[in-house]
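Chemist: So the protein sequences, as listed, match chains Y and P.
Take the first sequence: its position 172, counting from 1, is numbered 172 in the numbering used here, and each next residue is one higher.
Take the second sequence: its position 215, counting from 1, is numbered 215 in the numbering used here, and each next residue is one higher.
Treat the hints with care, since some could be wrong.
What the hints assert, rightly or not - Derived contacts from chain Y toward chain P, CB cut-off under 10 Å, selection only:
#1 R120
#2 H184
#3 L186
#4 Q209
#5 L245
Unchecked claim - DSS-like, lysine-lysine: derived pairs with alpha carbons at most 30 Å apart:
#6 Y:K155 x P:K460
#7 Y:K203 x P:K460
#8 P:K486 x Y:K274
Stated by the list, open to error - Stretch-level coverage of chain P by chain Y, calculated; a stretch enters the list once three of its residues show a Cβ under 8 Å from a Cβ in chain Y:
#9 172–185
#10 475–487
These are calculated hints, taken from the structure and not from any lab test.
Keep in mind that this is a model prediction, so the values were computed, not measured.
Don't be surprised by glycine CBs; every beta carbon is placed ideally from N, CA and C.
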Amino acid sequence: MNRREFVRQVAAWSAVSAAAPLFEMETARGAPRGRSVLAVAKGPDYGALVNRVVAKLGGMGAFVKRGDKVVVKPNIGWDRSPAQAADTNPEVVKALVLLALAQGAKEVLVFDRTCNDPRRCYHHSGIQEAIEAIGDQRARCEFVQNWKFVPVRIKRARVLHEWPLYRPALEADCYINVPIAKNHKLTRLTLGLKNTMGVCGGKRGHIHQQIPEKLTDLALVIAPRLTVIDATRILLRNGPSGGNLQDVKVLDTVLASTDPVAADAYATTLFGLKPTDIAPTVAAYRRGLGEIDLAKINILEA
Amino acid sequence: MAAPAKKSWRAGLVPGWRAARRVSQLAFLGLFFWLFRNTAYSDSNILHDPVNLFFRMDPLLGASAMLAGKVILPLFWPALILLVLTLPLGRFFCGWVCPVGTALDYFHRLFRPITRRTNLGGRKYVAAWRPVRYVLLLVVLVTALFSWPVAGYLDPFSLWMRLWTIVLDPAWYAGSTAVVAGSSHYPQGLRGPVNYLYGFMANNNIIPFGASVFRLVGVTLGIAAAVAALEFVARRFWCRYLCPLGGLLGLAGRWSLVRRLPVKSCAGCRARENCGELCRMGSFNEQGKLIPESCNLCMDCIAQCPDGVSRFKVKLPPPVPPTPVGLSRRGLLTAVVAGTVIPWVAKAAGAGDSIDPPPHLLRPPGAGSEDDFLNLCIRCGECLKVCVTNGLQPAGLEAGLDGLFSPVLAPRMNYCEYECTLCGQVCPTGAIPNLTRTVKEKTVIGKAAIDRKRCLPWAKNEECLVCQEHCPLPKKAIISTTCLVKQPDGRSKLLQQPHVDRNLCIGCGICETKCPLSGAAAIRVYRKEAVPPAGPMRNSHTAEHKPTKDDLLRPRGRPEAGLFFRDIRRRPA
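My request is simple: use the sequences and hints to build the entire structure.
Modeler: Okay, here's the thing in structure tokens:
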């Protein structure tokens with residue numbers, strides 16, 4: 001290789017590494033066809049609740065096929081214990097991961113971009129320990145790595161036209177959203193739509209301006225096949241970080257739906273609110289991402 | 001020429017004292033790195049390893065902190081052990097233990113091809129420099145007495161730890177991560193091994209957990225580079241002539257029982273270099289006599305002696321060592337005067353605008369008054385390393401000249417994690433007290449205040465509340481009031497505006513970290529005595545737009561209307 005050739009090759013390789021791929025994404029999925037179905041279960045064994053609601057929706061086989069890459073995305077945002085109800089309950093997460101593994105998933109990734117120190121959040125929430133306790137190489141509770149955020153251009157977005165999103169979430173064959181239902185000052189409640197912020201890179205504070213429309217734009221590209229809302233312990237006040245056990249109400253409830261809007265709408269009623277009280281839910285409904293009217297949702301007791 | 005070269009090659013292989021010294025150096029370097037790596041959060045609020053051990057066995061830092069703080073610090077008991085060991089063994093620490101010495105030895109070895117061919121590093125007898133370490137030692141102790149301890153700037157461990165914490169470790173993370181981050185562009189066959197290797201190193205604590213960014217990288221690197229560059233003047237220049245810790249240990253080991261014999265290098269030595277020329281510490285004076293407080297027992301002179309004359313022996317020392325300490329009366333006077341005057345100058349340099357500390361100068365949780373804190377702080381950088389968020393930063397000149405390299409919380413860089421108590425656990429002197437979690441959660445670092453001229457809900461009528469969301473207190477120290485604001489299009493909307501509850505706020509700074517504005521945050525943490533007065537609970541333009549019944553009944557698709565009354569009730573007294 002002479003010098004000119006060397007320079008040429010170096011330039012070529014540098015150009016390849018420097019060019020950050022800009023993904024253009026169409027709407028991942030429109031409104032669910034037919035009537036939205038939602039399953040809800042109540043009981044003290046949280047793992048069993050998950051099994052029951054998923055079974056009612058046709059079993060995990062309806063969502064995960066053999067060899068799939070699955071992402072289970074809980075809320076691990078805060079350095080809090082499961083009792084404080086700021087993060088998704090580890091038993092709920094674990095049960096979902098087990099179901100996906102049982103369907104022969106190739107890998108099941110669990111992650112969240114946390115608000116507090118990630119190590120503390122993963123540990124304190126109990127989720128890391130729960131996933132490691134499964135002892136299956138395919139199930140991994142991984143810290144978010146900065147270089148895996150890719151800029152995504154969201155076609156048909158109204159406000160959030162471009163944002164860095166977590167590549168493994170975009171590449172998953174099956175993305176399962178597992179938020180915890182809790183109080184949030186700005187949006188009143190944080191549910192499934194808001195939980196998607198955990199796959200967002202960049203300075204997420206910017207999403208808080210015009211948050212209903214921005215969360216809806218995000219939902220265009222991060223469309224969960226299944227939304228499982230953990231309402232086993234809900235946080236009534238001082239959310240989303242909580243910290244006071246007196247703000248926690250034990251409901252022992254888990255609900256699931258393939259319709260992200262329907263899941264959020266139903267979870268809202270657990271707080272004594274109307275689905276239309278939550279601006280992001282309303283915005284997503286108006287953009288046709290799901291059903292907000294409880295009367296039009298098939299609600300199944302599991 | 002061939003014969004001595006062959007000799008030294010063989011000596012390097014024969015297991016002996018020199019080999020033992022090298023093993024010891026590597027072992028302690030390894031210990032340093034192991035402790036360094038474990039100076040981090042690892043799934044527990046409590047650190048179990050004695051990560052600050054190297055500092056606690058440093059009698060210089062111990063003496064300085066105790067003199068400056070006018071307290072007895074029992075944490076420094078390992079330093080006492082080191083002193084007791086030095087009495088009979090001499091300055092073994094410098095040759096067998098000290099990681100800075102090891103690093104300088106390897107630095108020298110790295111550049112040996114250059115130093116051999118040029119005359120660099122060949123100046124063996126620089127007698128005039130010899131007392132400098134005692135002058136510096138005295139300066140350290142006297143400045144400590146007069147409350148600006150310069151120990152942290154001259155102690156080898158502090159230099160070393162800061163070099164790794166501030167410069168080398170973040171660089172190592174950035175470099176290794178860049179390699180794996182680009183791996184998606186690599187050829188298929190390379191991608192797997194790179195990712196596997198990275199995963200292995202990350203899981204086994206070889207790569208630090210996350211990126212960290214520090215101020216004063218250039219200064220830190222410059223100091224270290226200067227110390228290393230002195231190797232080109234003479235081997236172990238730092239250790240021979242400058243290191244005040246080496247000076248202290250040398251004095252303690254002046255009457256050690258382990259003596260090198262003969263006390264003078266032989267006149268008719270057959271080797272290429274005799275002991276005096278060979279010695280990396282320059283321990284032989286102009287008359288060829290051994291200076292016991294310079295010898296670090298590296299064992300080179302034994303390994304390379306062609307006749308087996310040179311040896312170490314356990315022997316009672318002569319009551320008067322063969323060579324004087326060499327600190328003249330002039331030197332002594334200079335040291336004492338300099339030690340007295342330096343703190344005055346540093347205090348006179350001050351922090352700038354005001355006699356009070358600057359309003360945004362935040363110290364780690366539980367730190368005492370500015371004077372007490374700076375007296376005890378040895379600038380070791382342990383707290384900077386252990387801080388989970390990287391929010392603790394070395395101070396530049398914002399804390400005054402006398403605050404250089406002391407830790408400050410820089411909330412725009414990152415915040416203080418609510419339940420974390422690690423900085424207090426690693427602090428070797430208690431400058432940052434070791435608080436329990438429950439005490440720490442109530443410890444006030446500062447108080448936040450909102451700049452309504454920049455805050456989005458206040459200044460631009462945009463919704464935000466990111467600060468409120470992140471406030472870690474179980475009963476939030478940031479509350480909001482809902483008000484009706486007029487938009488450019490003439491319509492009104494309900495908007496939540498944040499307020500800080502000064503009674504609850506502990507100044508952790510997460511609000512300042514997460515504030516979405518670019519540049520300075522619209523919410524900033526002040527020292528608690530410097531926090532500006534809070535504005536009224538409502539801003540003026542809100543008062544003009546009293547909500548009408550119509551606004552409340554038809555909130556135009558803004559369902560948070562119901563919050564209106566509830567929030568007014570939460571107005572603090």
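Chemist: Run every hint past the structure and note whether it holds.
Modeler: Results for each hint:
The restraint placing R120 (chain Y) at the interface with chain P holds, with a minimum CB-CB distance near 7 Å, inside the 10 Å limit. Because the closest C-beta pair between H184 (chain Y) and chain P is about 7 Å apart, less than 10 Å, the hint holds. About 4 Å separates the beta-carbon of L186 (chain Y) from the nearest beta-carbon of chain P, less than 10 Å, and the hint is met. Annotation: interface hint on Q209 (chain Y) holds; nearest CB of chain P at approximately 5 Å, less than 10 Å.
A cut of 10 Å between beta carbons decides the hint on L245 (chain Y): the least distance to chain P is about 9 Å, and the hint holds. Only pairs whose Cα atoms come within 30 Å are accepted, and K155 (chain Y) paired with K460 (chain P) is accepted, the gap being roughly 28 Å. Under the criterion of a C-alpha separation no larger than 30 Å, the hint pairing K203 (chain Y) with K460 (chain P) is consistent with the structure, at around 19 Å. Between the alpha carbons of K486 (chain P) and K274 (chain Y) the distance comes to roughly 27 Å, so the proposed pair stays at or under 30 Å and holds.
Proximity of the segment 172–185 of chain P to chain Y, defined as three or more residues with a beta carbon under 8 Å from a beta carbon of that chain, is established by the 5 residues found. A stretch counts as covered by a chain when three or more of its residues have a beta carbon under 8 Å from one of that chain; for the segment 475–487 of chain P and chain Y the count is 3, and the coverage holds.
The earlier numbered hints are all upheld by this structure, with none contradicted.
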